[in-house]
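2 protein chains.
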Amino acid sequence: MLGGTEKVTGLMKAPQIDNYLGFMEISGTDMLNAFKRHVEHMGIEIKHEKVQNILNMGDYFGINAGTNIYEAKTIILATGHGKAKYMHGEKEYLGKGVGYCATCDGPLYKNKPVALISENEEGEEEANYLSEICSEVYYLPMYQGNYKLNDKVKLIKEKAEAIEGNEMKANLLRTTNNELKVDAVFIVRNVIPIGQLIEGLEIEEGSIKIDKNMAASMTGVFACGDCTGKPYQIAKAVGDGSTAALSAVKYLDLQNMK
Amino acid sequence: MLGGTEKVTGLMKAPQIDNYLGFMEISGTDMLNAFKRHVEHMGIEIKHEKVQNILNMGDYFGINAGTNIYEAKTIILATGHGKAKYMHGEKEYLGKGVGYCATCDGPLYKNKPVALISENEEGEEEANYLSEICSEVYYLPMYQGNYKLNDKVKLIKEKAEAIEGNEMKANLLRTTNNELKVDAVFIVRNVIPIGQLIEGLEIEEGSIKIDKNMAASMTGVFACGDCTGKPYQIAKAVGDGSTAALSAVKYLDLQNMK
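Protein chains in written order, with the numbering used here: chain V, 907 to 1164; chain R, 907 to 1164.
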């Protein structure tokens, strides 16, 4: 099980949850802890590594999780509800100065100025990492927090408005009141846009299109939870997760019989 | 919330359940009790009345639950997984000597011989009730138990094979070794066949056909849980139940706005 920290889930912030059958008047944090205890008890390892990209290699998937690469025969996507809209210029300069993983791509910008826009605290660590490599690091948080940043990181409490550049690559991040000259813009989102995570999945009304067995449009890929659409409910996510797991096991069984 | 006793659910008999997120190494009985506590805590009344039939009255539904009739603007079916096959002759003589509710139809057979075939203990009470009205009551249990029956009820531990009769009505129950001359045959099943519960619902592979919002093919009717098909899992039933409830509320809101 690969995922970022649970800090990015809305569940942790819920003061009280009453509509997951079996638990009543429970806080989101307590529920999350009960879920984690259960997962640990079942011997399932959670790796706090954020998956940046999944490649369909035909008979297996290559999973790029920062510094590690994993291989898997089947994938269950449970990435949550991504509200993210692409920034102006983001798609245009993706791979040409725009990236989602500072740890992976940071070294490409040694002694260059870079900016990091982050929706959550995970970005702070990445900004500190970049500050050891890059000449200049601008940190633009999209959340309230204590911002534990190195002295070398410049905190810019402004809204990032557009990524601009020339025909070859991005070279500027336009903010509310500034123009930051940078060679790279990293964006840390709570939820990576699905299209960026894995290419070629059919999307319906902004969510991963699934059939009633939770199979996505790509063979071997299943999905569950908020990334498959409304209603955004714990009970639905858990139920669909159960179905997705059974479907994935069935898929593996069929593969093994071939 | 209308339903028979929980004795008929498989959940109660499960020695250990590990795949409903949040609970681990829990018995079916303990899980059922946790669910019941939650339901009570939320102020939802459970009426242990088995629904025999639902009639679509256009702008509302009439729910026949034995001695009581209820009205509702929307219905959520959560009847569980019905394995029942119709008995030979059952459909043919339905309403002509074959019935599913002894309490409702028993009085029609005053001083007549009747048989009651039951998949669970609920039938015992019904047989005892019939014994106060009818001349002869044969009880054919399809389960192992202590059979708490009146002296007037004759226990027949044989398999019911066919209901036979003339063109007008049923008059005979054929069992493995016997021919019982009766004026009525009552059948108490764990799960009433959907087609008998509510007429005109679209069925797909033996289950109620639903869309992703848990809406069945009839306006105002929603369904969730094992009656909507595989996988037969608690987590899926709970998740789909949550979606069905939200859909039903949305439906009511739209109705009220008209």
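A few of these clues could be false.
Pairs count within a copy or across copies, as identical chains cannot be separated in the list.
To be verified - Simulated crosslink set (SDA-like; lysine to any residue; CA at most 20 Å straight-line):
1) Lys1016 with Gln1050
2) Lys953 with Phe941
3) Lys1156 with Gly1135
4) Lys1063 with Pro1013
5) Lys1118 with Glu946
6) Lys997 with Glu977
7) Lys1065 with Gly1112
8) Lys1002 with Ile923
9) Lys1058 with Thr935
10) Lys997 with Tyr966
11) Lys1065 with His954
12) Lys1136 with Ile982
13) Lys1060 with Leu1152
14) Lys979 with Gly934
15) Lys942 with Ile932
16) Lys942 with Asp1089
Honestly, the hints are just simulated from the structure, not real lab data.
A quick look at each hint next to the structure:
| no. | hint | in the structure |
| --- | --- | --- |
| 1 | Lys1016 with Gln1050 | neither (29 Å within a copy, 77 Å between copies) |
| 2 | Lys953 with Phe941 | within (15 Å within a copy, 32 Å between copies) |
| 3 | Lys1156 with Gly1135 | between (24 Å within a copy, 16 Å between copies) |
| 4 | Lys1063 with Pro1013 | neither (25 Å within a copy, 80 Å between copies) |
| 5 | Lys1118 with Glu946 | neither (28 Å within a copy, 31 Å between copies) |
| 6 | Lys997 with Glu977 | neither (27 Å within a copy, 55 Å between copies) |
| 7 | Lys1065 with Gly1112 | neither (24 Å within a copy, 55 Å between copies) |
| 8 | Lys1002 with Ile923 | neither (44 Å within a copy, 51 Å between copies) |
| 9 | Lys1058 with Thr935 | neither (34 Å within a copy, 59 Å between copies) |
| 10 | Lys997 with Tyr966 | neither (27 Å within a copy, 51 Å between copies) |
| 11 | Lys1065 with His954 | neither (28 Å within a copy, 58 Å between copies) |
| 12 | Lys1136 with Ile982 | both (18 Å within a copy, 19 Å between copies) |
| 13 | Lys1060 with Leu1152 | neither (48 Å within a copy, 46 Å between copies) |
| 14 | Lys979 with Gly934 | neither (33 Å within a copy, 34 Å between copies) |
| 15 | Lys942 with Ile932 | both (15 Å within a copy, 16 Å between copies) |
| 16 | Lys942 with Asp1089 | neither (40 Å within a copy, 60 Å between copies) |
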